[in-house]
Amino acid sequence: MTGPRIAVALDGAGWHPAAWREPGARPGELLTAGYWTDVVREAEAGKLDFVTLEDSLALQTVNYLDRPGERDGIVQGRLDAVLIAARVAPLTSHIGLVPTAVVTHTEPFHLSKAIATLDYVSTGRAGVRVQVAGRAEDNRHFGRREFGEFRLEDSAEPGRPSPLRDLFDEAADYVEVLRRLWDSWEDDAEIRDVATGRFVDREKLHYIDFEGRWFSVKGPSITPRPPQGQPPVTALAHAAVPYRLAARSADVVYVTPSDRAQAASIVAEVRDEQELAGRGAETLHVFGDVVVFLGETEQAAADRKARLDELSGEEYSSDAHVFTGTPAGLADLLLDWQGAGLSGFRLRPGAVPHDLTAITRGLVPELRGRGAFRTEYEASTLRGLLGLARPANRYAAV
Amino acid sequence: MTRKQIHLAAHFPGVNNTTVWSDPAAGSHIEFSSFVKLAQTAERAKFDFFFLAEGLRLREQNGEIYDLDVVGRPDTFTVLSALAAVTERLGLAGTINSTFNEPFEVARQFASLDHLSAGRAAWNVVTSWDAFTGENFRRGGFLPQDQRYERAETFLRTAWELFDSWHGDEIAADAGSGVFLRDSSAGAFAHHDAHFDIEGRFPVPRSPQGRPVIIQAGDSEEGREFAASTADAIFSRYGTLEAGQAFYSDVKGRLTKYGRTPEQLVILPAATFVLGDTDADAHERAHVIRRQQVSGQTAIKFLEQLWNTDLSAYDPDGPLPATDPVLGDHTIARGRASVRMYRDPLATAKEWRQLAEAKNLSIRELMIEVTARQTFIGSATTVADAIDELVQADASDGFILVPHVTPGGLDEFADTVVPLLQERGSFRSEYTGTTLRDHLGLS
Numbered sequence: 036m037t038g039p040r041i042a043v044a045l046d047g048a049g050w051h052p053a054a055w056r057e058p059g060a061r062p063g064e065l066l067t068a069g070y071w072t073d074v075v076r077e078a079e080a081g082k083l084d085f086v087t088l089e090d091s092l093a094l095q096t097v098n099y100l101d102r103p104g105e106r107d108g109i110v111q112g113r114l115d116a117v118l119i120a121a122r123v124a125p126l127t128s129h130i131g132l133v134p135t136a137v138v139t140h141t142e143p144f145h146l147s148k149a150i151a152t153l154d155y156v157s158t159g160r161a162g163v164r165v166q167v168a169g170r171a172e173d174n175r176h177f178g179r180r181e182f183g184e185f186r187l188e189d190s191a192e193p194g195r196p197s198p199l200r201d202l203f204d205e206a207a208d209y210v211e212v213l214r215r216l217w218d219s220w221e222d223d224a225e226i227r228d229v230a231t232g233r234f235v236d237r238e239k240l241h242y243i244d245f246e247g248r249w250f251s252v253k254g255p256s257i258t259p260r261p262p263q264g265q266p267p268v269t270a271l272a273h274a275a276v277p278y279r280l281a282a283r284s285a286d287v288v289y290v291t292p293s294d295r296a297q298a299a300s301i302v303a304e305v306r307d308e309q310e311l312a313g314r315g316a317e318t319l320h321v322f323g324d325v326v327v328f329l330g331e332t333e334q335a336a337a338d339r340k341a342r343l344d345e346l347s348g349e350e351y352s353s354d355a356h357v358f359t360g361t362p363a364g365l366a367d368l369l370l371d372w373q374g375a376g377l378s379g380f381r382l383r384p385g386a387v388p389h390d391l392t393a394i395t396r397g398l399v400p401e402l403r404g405r406g407a408f409r410t411e412y413e414a415s416t417l418r419g420l421l422g423l424a425r426p427a428n429r430y431a432a433v
Numbered sequence: 065m066t067r068k069q070i071h072l073a074a075h076f077p078g079v080n081n082t083t084v085w086s087d088p089a090a091g092s093h094i095e096f097s098s099f100v101k102l103a104q105t106a107e108r109a110k111f112d113f114f115f116l117a118e119g120l121r122l123r124e125q126n127g128e129i130y131d132l133d134v135v136g137r138p139d140t141f142t143v144l145s146a147l148a149a150v151t152e153r154l155g156l157a158g159t160i161n162s163t164f165n166e167p168f169e170v171a172r173q174f175a176s177l178d179h180l181s182a183g184r185a186a187w188n189v190v191t192s193w194d195a196f197t198g199e200n201f202r203r204g205g206f207l208p209q210d211q212r213y214e215r216a217e218t219f220l221r222t223a224w225e226l227f228d229s230w231h232g233d234e235i236a237a238d239a240g241s242g243v244f245l246r247d248s249s250a251g252a253f254a255h256h257d258a259h260f261d262i263e264g265r266f267p268v269p270r271s272p273q274g275r276p277v278i279i280q281a282g283d284s285e286e287g288r289e290f291a292a293s294t295a296d297a298i299f300s301r302y303g304t305l306e307a308g309q310a311f312y313s314d315v316k317g318r319l320t321k322y323g324r325t326p327e328q329l330v331i332l333p334a335a336t337f338v339l340g341d342t343d344a345d346a347h348e349r350a351h352v353i354r355r356q357q358v359s360g361q362t363a364i365k366f367l368e369q370l371w372n373t374d375l376s377a378y379d380p381d382g383p384l385p386a387t388d389p390v391l392g393d394h395t396i397a398r399g400r401a402s403v404r405m406y407r408d409p410l411a412t413a414k415e416w417r418q419l420a421e422a423k424n425l426s427i428r429e430l431m432i433e434v435t436a437r438q439t440f441i442g443s444a445t446t447v448a449d450a451i452d453e454l455v456q457a458d459a460s461d462g463f464i465l466v467p468h469v470t471p472g473g474l475d476e477f478a479d480t481v482v483p484l485l486q487e488r489g490s491f492r493s494e495y496t497g498t499t500l501r502d503h504l505g506l507s
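Heads up: the protein sequence lines correspond to chains A and B, in order. For what it's worth, this note's numbering labels the leading residue of the first sequence as 36, then goes sequentially. For what it's worth, this note's numbering labels the leading residue of the second sequence as 65, then goes sequentially.
Bound conformation, chain A alone:
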């Protein structure tokens, strides 16, 4: 496949705050298994690489630093993304499932076994998107930590200590623990040797003995090494501090360029950080995030977005580039930006189902017509779809 890899980011009824009011939206079903099964199956019917599932420990906001729960007229309430992914896994067969997990307040031991188990129940299609949570509202749900002021402008300066940088450094430690726990069982640790009475070979189970600034974890995991060995770790990054986290820890980083030139400069920055982290030889996918409002014509797409904006009372804006137009126009943009070094895209449908089906039934055929998207899944695991080899176990004796 020469074209870009395509993922879709699922969040409630879509990314526009008024998406739930669109015809065809199912706002009363956002807390049901049926809704999530249907949307993930639609993405799989389009043979997309994977879906991400947004999550948060707080009620939805329009902008990250808004106070949760204070905005009227938007979807409020959501389910745990890892559990949604697990619920959908047995009912799908090829698409990757990448739930969001907040790593600031949860235990790496728990998340490690949850993602390993998602990999078992999906037979090799699990990934995870790690996210930090720095708002006071999130902290108060746990009541055991206090941070300094979380200022988005700190995210541009990896060289300067800040509460925000601490959060990302902690997240890097967290991912290190996830990965060590996934490797803490060698693949052939289970031996079932009747003669010696041993179910496992304890020489192939390893204490990880992680000691860091924020936590220490002994290991080994209680869950054997998952089918993919290491499920792909992904992260969204907008600036230098999170680029550094992604370069140290991730297999896929989602970035938010506003045009082709910015895409090129972000890719260069990520690659520099990757070299700095000593991972220059490894595959790190850089996916561009794009919010999409699609229509049969440019005018139809623009009218639809205008209608949504009117319902919410303000023009929609996003951290990511907002594309309004036809599937063919979007295909042009994606192939153009791919030329700037992006290896894939994570598309955020403005409204579901409309913009999701416009991706699977409009964009996908458009890309296929240009020889730039798969017609069949070429692999049965998420790593396989991403062209990532199954990694060797760091603890296995060579």
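Note that these hints are calculated values from the structure, not bench results. Careful: at least some of the hints might be erroneous.
[Stated by the list, open to error] No more than 16 Å apart at the CA atoms, straight line, and that leaves these computed lysine to aspartate or glutamate pairs for EDC-like:
id, chain 1, residue 1, chain 2, residue 2
1, A, Lys239, B, Glu128
2, B, Lys101, B, Glu476
3, B, Lys110, B, Glu169
4, A, Lys239, A, Glu221
5, A, Lys253, A, Glu211
6, A, Lys239, A, Asp222
7, A, Lys253, B, Glu128
8, A, Lys253, B, Glu199
9, B, Lys101, B, Asp502
10, B, Lys321, B, Asp341
11, B, Lys110, B, Asp374
12, A, Lys82, A, Asp107
13, A, Lys253, B, Asp479
14, A, Lys239, B, Glu124
15, B, Lys110, B, Asp475
For this one, chain A is given, so just place chain B on it according to the hints.
Just chain B now, with coordinates in the frame of chain A:
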């Protein structure tokens, strides 16, 4: 006369020597297909629920990872959510430790599971004061044993406050008017005490059951009070007539002071079973299974837990050590849910010596004699009779069955015993409700 209805649950065999991995019929303990198989068998048999235990640190003995039993488990929440996709009515119960989690995250996960299973979630609340397990977590093993029920109860009540922070009618989702929430304060909570100091907005709207079914397993005085005040179901260890009746009347008798009725707490002892064409067949199979469960190596490991010292040089087919158990801190085995603790090791050793001499038993034979427990042994008719009699006599409200082989260990029970119980009118032939609370008669 209507017969008292039996409640049955299926336990996925866990990491202990009850689970026989050396049998040719034993399959994977980690592949999802094994969980699907057992859960679908339980649902076919109209069981109340499927139950999954939890472990958070691999067991050790003599300072080494214990390697003789099945080891390795999936994450409880994740596997239960996936099972919700391949079952329709079966309750989905999981153990979740309250020591190494926070009420906000556990409540969020259980409320999510209850939504995703359309009302089938249950939570077996356990606590840990174990610093050994705590080494895998940020909080460590900080909890003094005398505070474990206090924290567990506070944890549970805090989780309830979060479940109850939504009443169920807040979501309007009215596209025309643009009103998503009728009540803009939905989910607001604040809980401040010595254990938890939290406030905010709970992000999961009210789930089909409101709260998951709460299960507990404590047997101490505090544990029984905790269960009587808060649990919907209790796992007991008393599966015989007299002990069962004593536990049953004791715990149910405690309900009144909490304003509850006997029907509001379902008592389910754990039980194993061995079936055969005849009672004699079953006893023969039971003997074979006990030898599978207690290999020579396992017998030595069990003996070490009493002797509190390394006995690896001993022959399991030979006599007991001539030396006495080592007294002092008992540290040989770590990470077991119930490490075999012996109050008076010297007296127990003396008792075992006498038993071994009287019956001329080797170490392995003695260990089979003193540790192996099989609750129901016999033909399908014998086992159905025994289960029905115990329930009708108020020794329990039913049983949580622990097959000794994964994943097919429940098939024979489902095919032979369940129809007999149904014929008697003691067990449902079809589910009459959709939620686990419906199945347990709690709603």
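Handout entry: Violations among the numbered hints, reported as their numbers in ascending order
Key = 3, 9, 10, 11, 12, 13
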